[in-house]
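A.B. asks: Model the full assembly from the supplied sequences, consistent with the hints where possible.
For the sequence shown, numbering that gives the first Met the number 0 begins at 0 and goes up steadily by one.
Just so you know, the hints here were simulated from the structure itself, not pulled from any lab data. In this text, all values refer to a predicted model and were calculated from it rather than measured experimentally. Misleading hints may appear alongside valid ones.
[What the hints assert, rightly or not] 16 Å max Cα-Cα, derived EDC-like pairs, lysine to aspartate or glutamate:
(1) K82 <-> D170
(2) K68 <-> E187
(3) K82 <-> D157
(4) K82 <-> E147
(5) K141 <-> E79
(6) K68 <-> D157
(7) K139 <-> D170
[Said to hold, decoys possible] The calculated label-pair distances, taken between Cβ atoms and stated as ranges, are:
(8) G80 <-> W111: 16 to 24 Å
(9) M123 <-> D99: 19 to 27 Å
(10) P88 <-> P163: 17 to 25 Å
(11) D85 <-> E147: 17 to 25 Å
(12) N144 <-> D93: 17 to 25 Å
(13) G86 <-> E147: 27 to 35 Å
(14) S151 <-> V64: 21 to 29 Å
(15) M206 <-> D99: 18 to 26 Å
(16) L152 <-> P88: 17 to 25 Å
(17) P207 <-> M123: 18 to 26 Å
(18) T166 <-> T203: 31 to 39 Å
Every residue gets a Cβ at the ideal spot worked out from N, C-alpha and C, and that includes glycine.
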Amino acid sequence: MTEQPTETTIPTAPTPVDGETPPSRPAKPRRNWLVLLPLLLFGGLASVFLYQLLSGKNAQIIPSVLIGKTAPETTLPPLEGLKGPDGQPTPGLDLAGFGDGRPVVVNVFASWCVPCRVEHPLLMDLGKDDRFRLVGINYKDKPENALEFLESLGNPYDAVGVDPKGTATIDWGVYGIPETFLVTPDGEIVYKQTGPFSPELIETGLMPAIEAVLARKPAEKAPTS
Numbered sequence: 000m001t002e003q004p005t006e007t008t009i010p011t012a013p014t015p016v017d018g019e020t021p022p023s024r025p026a027k028p029r030r031n032w033l034v035l036l037p038l039l040l041f042g043g044l045a046s047v048f049l050y051q052l053l054s055g056k057n058a059q060i061i062p063s064v065l066i067g068k069t070a071p072e073t074t075l076p077p078l079e080g081l082k083g084p085d086g087q088p089t090p091g092l093d094l095a096g097f098g099d100g101r102p103v104v105v106n107v108f109a110s111w112c113v114p115c116r117v118e119h120p121l122l123m124d125l126g127k128d129d130r131f132r133l134v135g136i137n138y139k140d141k142p143e144n145a146l147e148f149l150e151s152l153g154n155p156y157d158a159v160g161v162d163p164k165g166t167a168t169i170d171w172g173v174y175g176i177p178e179t180f181l182v183t184p185d186g187e188i189v190y191k192q193t194g195p196f197s198p199e200l201i202e203t204g205l206m207p208a209i210e211a212v213l214a215r216k217p218a219e220k221a222p223t224s
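C.D. replies: Encoded structure:
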């Protein structure tokens with residue numbers, strides 16, 4: 000007796016019900032642009048660094064929108080317990096008048112700031128120059144830590160203002176410390192240094208700016224009747 004061949008049934012997709020949209024195959028993810036993205040980012044960063052290298056500019060010297068403008072009239076309380084080399088209490092910061100007749104170097108620092116500790120010996124040397132005033136803004140710091148910082152490393156400042164919440168430095172555009180500004184006797188910001196000083200930056204940046212300010216002739220007073 001001969002067996003009948005068995006029919007093989009090939010399964011077919013179910014017929015969609017009226018009104019339903021038949022399921023579509025998921026699209027393959029396009030990963031080509033993800034592969035190229037790191038290369039594009041690297042190329043962009045390399046272009047920036049190459050420009051800085053070829054231009055000869057120091058990346059730490061960042062232009063400030065405040066250059067050429069009047070410095071904020073900042074008044075801050077003193078750091079309690081801090082004394083100067085003469086043993087007298089170091090006063091708080093009062094930049095409302097700028098009436099001393101000398102340029103003012105404003106340094107924003109904190110005890111928790113490692114770069115601040117790196118540049119501090121250079122500030123100690125700057126503090127010996129009587130042709131300008133060196134003042135400090137203690138930024139978002141604990142008073143006891145700031146006091147220990149300056150007592151152990153030395154106090155180069157003629158005045159120190161305490162800004163525990165960083166509200167006063169907002170007007171200065173401070174976004175990272177240390178930052179340093181040079182202000183003329185009449186209150187104009189003419190120089191800004193972002194990041195710690197090095198001997199080279201002081202020699203080629205800060206000191207020429209100070210010399211330029213000192214070389215200015217004082218404005219003549221208007222005749223009075």
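A.B. asks: Of the numbered hints stated previously, which ones are contradicted by the structure, given in increasing order?
C.D. replies: Numbers 1, 6, 13, 14, in rising order.
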